[in-house]
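Model the placement of chain B on the given structure of chain A, informed by the hints.
Residue numbers (my numbering), protein chains in the order written: chain A, 1 to 197; chain B, 1 to 150.
Hints listed in this document are in silico derivations from the structure and should not be mistaken for laboratory results.
Do not rely on the hints blindly, as some may be mistaken.
As the list claims (entries may be wrong) - Each computed DSS-like pair below joins lysine-lysine, with the alpha-carbon atoms no more than 25 angstroms apart:
hint, chain 1, residue 1, chain 2, residue 2
1, A, K57, B, K105
2, A, K35, B, K105
3, B, K96, B, K5
To be verified - The following residues of chain B were derived to be distant from chain A, with all beta-carbon distances above 12 angstroms:
hint, residue
4, S32
5, L33
6, Y39
7, P48
8, Q82
9, G126
C-beta atoms are modelled at their ideal positions from N, C-alpha and C, and glycine is treated no differently.
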Amino acid sequence: MTEPLRVGVLAVQGNFREHLAMLRRLGATPSEVRKPHQLDGLDGLIIPGGESTAIGKLVRAYELEQAILGFEGAIFGTCAGMILLARDAVDGLPGQPLLGLIDIVVRRNAYGRQVHSFETDLELKGASEPLRAVFIRAPWIERAGADVEILAEHDGRPVLAREGRILVAAFHPELTDDTRVHELFCEVVREAASVRS
Amino acid sequence: MIRTKGEAGTGDIVNAVRHMRAVYGGIRRLGSLREEELYAEAKNLGAPVELVKWVAENGKLPVVTFTAGGIATPADASLCMQLGADGVFVGSGIFKSDDPAPRAKAIVEATTHFQDPEVLARVSQGLGEAMASISTAGLDEGQLLETRGW
Chain A
1 MTEPLRVGVL AVQGNFREHL AMLRRLGATP SEVRKPHQLD GLDGLIIPGG ESTAIGKLVR
61 AYELEQAILG FEGAIFGTCA GMILLARDAV DGLPGQPLLG LIDIVVRRNA YGRQVHSFET
121 DLELKGASEP LRAVFIRAPW IERAGADVEI LAEHDGRPVL AREGRILVAA FHPELTDDTR
181 VHELFCEVVR EAASVRS
Chain B
1 MIRTKGEAGT GDIVNAVRHM RAVYGGIRRL GSLREEELYA EAKNLGAPVE LVKWVAENGK
61 LPVVTFTAGG IATPADASLC MQLGADGVFV GSGIFKSDDP APRAKAIVEA TTHFQDPEVL
121 ARVSQGLGEA MASISTAGLD EGQLLETRGW
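Chain A on its own, in the form it takes in the complex (with noise of 0.2 angstroms):
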């Protein structure tokens, strides 16, 4: 019986707690994460969907942004969460904080606005089912380096990629029942947490 896996949820903004909930399906130890020390011990970190400005401007007024860039575990980015992950951003507001995780350079709101939100079926790279994606106000992968494997695309454009410790999605596998999403990220998890040890 191995432990089980502790991954907190950033919780300043956007929807965490559907997050938290899929995790505590899959038998993982949630936490939401407001603070630098409640990194600490975790084996992995996902940043939800919401508001990219918001997310990021809180991440620095509550002193996260260095801890994250500190944090050793593997990381999720949904949503506004891919945009802060991002090395890029091709319409970034002045300013816009990017962690600069993973070699990507997205497009915000790449879709349109809110009335072009919109629910697919994708093709998730060695499944055999589709995987029932969600797009809000969705932002999409303009450009990826080398290194990055792109795990699933809608209309030719990357919306699931992962970078070693890095995964990013542009859509909201939180909003689903399917589950094999947050799974594969425990996946890297473990990975990344038998690379440390």
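Relative to chain A, chain B alone:
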């Protein structure tokens, strides 16, 4: 989303608390009913039975619940979050205060760290005067916003 009403523009948190307690009390009551009673309750409420069952099972509404009306201090915001709100709206509580910008920042921080007394104590200091509040208990019914609508 759902917004509980409070009494806007007063800086009086009492009504916001009362409305939230009514909402969450109603949800907790649903949770105590047996399945066959939920059918009767759905009829009383004029609500779809599937929705009533979902709320009874999950102990919350399927949408985000914001609270507003009367929030003027970081402590007010924290109180509403502790009562179960997913977020707060603050208008005059910020703009009618002495120094709106730091107060807005402090209320945001108090909302995030609503369970953290140390943060609350720190951000509550040095904000200048809060808005001058009006007690809703002293208002005539005709002046109240809560009695408007349905």
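### Query
For which of the previously enumerated hints does the structure constitute a violation, in increasing order of number?
none
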